[in-house]
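Chains as they are written, first to last, in this note's numbering: chain G, 1 to 358; chain H, 1 to 358; chain P, 1 to 358.
All the pointers check out, no bait thrown in.
Quick list of in silico lysine-lysine cross-link-like pairs, DSBU-like style, CA-CA up to 30 Å:
#1 G/Lys-328 x P/Lys-313
#2 H/Lys-328 x G/Lys-313
#3 H/Lys-313 x P/Lys-328
#4 P/Lys-313 x H/Lys-328
#5 P/Lys-207 x H/Lys-313
#6 G/Lys-313 x G/Lys-328
#7 H/Lys-313 x H/Lys-328
#8 H/Lys-328 x P/Lys-328
#9 G/Lys-313 x H/Lys-207
#10 G/Lys-328 x P/Lys-328
#11 G/Lys-207 x P/Lys-313
#12 P/Lys-328 x P/Lys-313
Think of the hints as simulated: they come from the structure by calculation, not from any bench.
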Amino acid sequence: MDASYDPSITAGELAERFSATVMGDPSTRIDRFASLASARQGCASFLSSPRYREQLRATQASVVVVSDAAAARQMGLSCTLIETHDPYLFFAKAAGWLNRRNRQALVPHTVVHPSAILGPGVTLGVRVSIGPGVVVGSGAIIDEDTDVDAGCILGEGVSIGAGSHLHPRVTIAPGCRIGARALIHSGAVIGSDGFGFAPQSDRSWLKIPQVGGVLIGDDVEIGANTTIDRGTLDATVIEHGVKLDNQIQIAHNVVIGRHTAIAGCVGIAGSARIGAFCQIGGAAGILGHLEIAEGTIIGPMSLVMSSILEPGKYVGVYPLQHQADWEKSAAMVRRLPEFRRQVNQELRDRPSHGKKEG
Amino acid sequence: MDASYDPSITAGELAERFSATVMGDPSTRIDRFASLASARQGCASFLSSPRYREQLRATQASVVVVSDAAAARQMGLSCTLIETHDPYLFFAKAAGWLNRRNRQALVPHTVVHPSAILGPGVTLGVRVSIGPGVVVGSGAIIDEDTDVDAGCILGEGVSIGAGSHLHPRVTIAPGCRIGARALIHSGAVIGSDGFGFAPQSDRSWLKIPQVGGVLIGDDVEIGANTTIDRGTLDATVIEHGVKLDNQIQIAHNVVIGRHTAIAGCVGIAGSARIGAFCQIGGAAGILGHLEIAEGTIIGPMSLVMSSILEPGKYVGVYPLQHQADWEKSAAMVRRLPEFRRQVNQELRDRPSHGKKEG
Amino acid sequence: MDASYDPSITAGELAERFSATVMGDPSTRIDRFASLASARQGCASFLSSPRYREQLRATQASVVVVSDAAAARQMGLSCTLIETHDPYLFFAKAAGWLNRRNRQALVPHTVVHPSAILGPGVTLGVRVSIGPGVVVGSGAIIDEDTDVDAGCILGEGVSIGAGSHLHPRVTIAPGCRIGARALIHSGAVIGSDGFGFAPQSDRSWLKIPQVGGVLIGDDVEIGANTTIDRGTLDATVIEHGVKLDNQIQIAHNVVIGRHTAIAGCVGIAGSARIGAFCQIGGAAGILGHLEIAEGTIIGPMSLVMSSILEPGKYVGVYPLQHQADWEKSAAMVRRLPEFRRQVNQELRDRPSHGKKEG
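Make the full structure from the sequences, and use the hints.
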């Protein structure tokens, strides 16, 4: 690491890089982004919504990104301003870029912590960082500009694409392949056995060995404590750009299409095929061996029990009620078929206008 | 560690400390609590319910805590007895106290396992125990009487309050702050990125950098494999006395009020604000950007889809049925609006008494 | 490890061991199973369904297991064939056996990675493998032919039966006992505290110390990131042959009967007793202190709120609908009791045939 490296950047450089304009001193330096309320000197912040106007007045940020610099000045904000049409988007791009720039500068060449244990034949690209206590199995390949943080365990023959970041305590089982720019959070497990058993005559279960792998595309984010099982024979597949939140369970031989985003606590059963550009709400469930059309949106805590061939928004949630009301409505739900029979019977017993006229 | 330390205590000392009375030999020593059935010599046990009376007769405990010592003697129980009005509460207090007392005695000064890796500028209080393979980032602060068990990973600038216990393999990301007397179970991840993305014109997702922290108050318990995301800009906040069970997912910028208890597998989406003294049932879900009033009780597996401003008990669960009955009731639920239209139409077709009389 | 060990086996030996017949060269060697599409030279594969016939024609497998060897030859498949009535079952048994055989041969005597940390009084059986960074507490017992992979943490007094495999990063808390042939996947936590608190007068919670253990029988599989809490005083019990998928939460003092299989993301609350031979669908929930009869089948995402004493298939899931339809049906569900009252009132207002005739 170069101790003299300055992780800060001037407002002028940042504005130029992301096509914005500066009002005030363009040589003002910032090294990170923070909220208006928590920003201190050396921080940039931004105003994304009028409801933060009071915070804007009081902020100690050195630079604030706004959509209307003149209005901000009128409110008495005297710090350097960056003006752009969408300050939130500017923040997303600029903060992400700043992180990547600093990471590359701070790891100018490959560093392996002395406590890490690398098997024979491991290949590390340039500017790879391997943290304390990491274990990498034989023949694994870790491409350039990738961070493998403390306590990660990578099995034999794993490959990780360039520019990836494995947070502490990620586990990747033998043979799994991860694309470029992966972002994997702590506690994620990739390549655990699929849950496959054949019933036997004595009512015990015979394990079906799970010998397939996991194939993960580029630009995939995987949340904390999410689990992705290896396929039985072929691979479980996560395509490019998929975003997975925390505590998601993906069973063997699932295929998730590109750029699909899945919220926390979702469970997807074996061999389900989710199309591209889908959005799956938190804690939803998807049964096995079915297909979900590209662009489908599934509501939170909803269970998909059969294939969805027509995209759209789908929901299946029992409405929340006061407990006493719920007890009555739930009792009625149970007895709905009976209620219908009773009503239809009673209607039949009563003459309609039509019958009267007939 | 002081090899001569005796972790046991006499029945007399224990009774005095927790305002109970002894019948029998007050010098009887015990060093732990166990159930009536599993207790051996040197164990204390207790009778909390009449249905354990048979176990009471057969127990090998050296000391039994009862609410009626004379009755226990009449049943033939000859061991030392401690009499108190609520034996279960006595157990909770006495066993907890015994654990803390022994822990402090057994770790008389700070011990760091030689395999642990501490970054520069780490501050450890007195009587701190750092286990094998622990990694602590630069500038972290761990207050007195805190145990950090094997395999925990604490990022840069993390702070942990006094008297805390991190079980093995807890991960705390950089900058997160935990209060005093925290109890965090294995596999918990605190400070993973929130799940925030902006849609782009090519239907891919732009990551919103997550630069906020996590602030956790005093006396908080966090279950195994529970995940708490850092805020986008400001912090995710868990207030004093909150109790979180296993496998809970708490998204970015959630605020959970003091002494709220949340059962296992609950998911809470981003920016939800849960009041103090709430109880959330297992596997319930709470959508983002909503508010739940202080003292609200949410049933298990129920989804909160809008703010709850009036405390009470709320439930939303489809009732369990035999599959054949469920198929019929679920089919009816789908067609309820149609059924209502049909019934109302048919009712309109039939003259009522009112109409006949009119 | 014996560098000269050949992990491969001939088609003839394999066929003989599992009562099948060879067509072609019985001396053909294979060392693993793969799908028809991914198999290369040295792999065995199998045809389990007619829909893979095209893959059969193109496979590069050295050996293919089929149910009709003559038919496969007629399709032009020239490699060595193994004929058996159920190729999938043959695969399950042969691949499992091959894994166990090779594992035993490759670990001819106990090996402990130099980075592992074993407490005093740890007992290791023959042919035990302890991976990098493993921590084993004092007095633990690990029986013969067991693999404890990298990063596992076993507390004091833990015991693990013969022929078990703990994948990387499994945590087993002090005193928990695991039977023979256990298969435990990464991130699983066994023996975390149960979630037990007594409400206090100031509305805070008093922790009930959890001092029971976890008892796990033989032939149990436990999925990635699954959590099993220790009992309050007595043990949480998982009987022989139970199969648990990923991300399951099992609370304190639960008992799960033998050969019950539980799919991913299920939550089971405290002191529930699940009978033997049950099947619990993914993300289902089971409330505490209830009983489920032997052989019961619970559907996915269904909540069991009271004991099930009669086996059968039970389901409770709100049906999935287009969002607009769901909004209408859910609104109706809420108002069902009111709707019934209204309909019954209106029916009373209208004379029936019976009344007219009477």
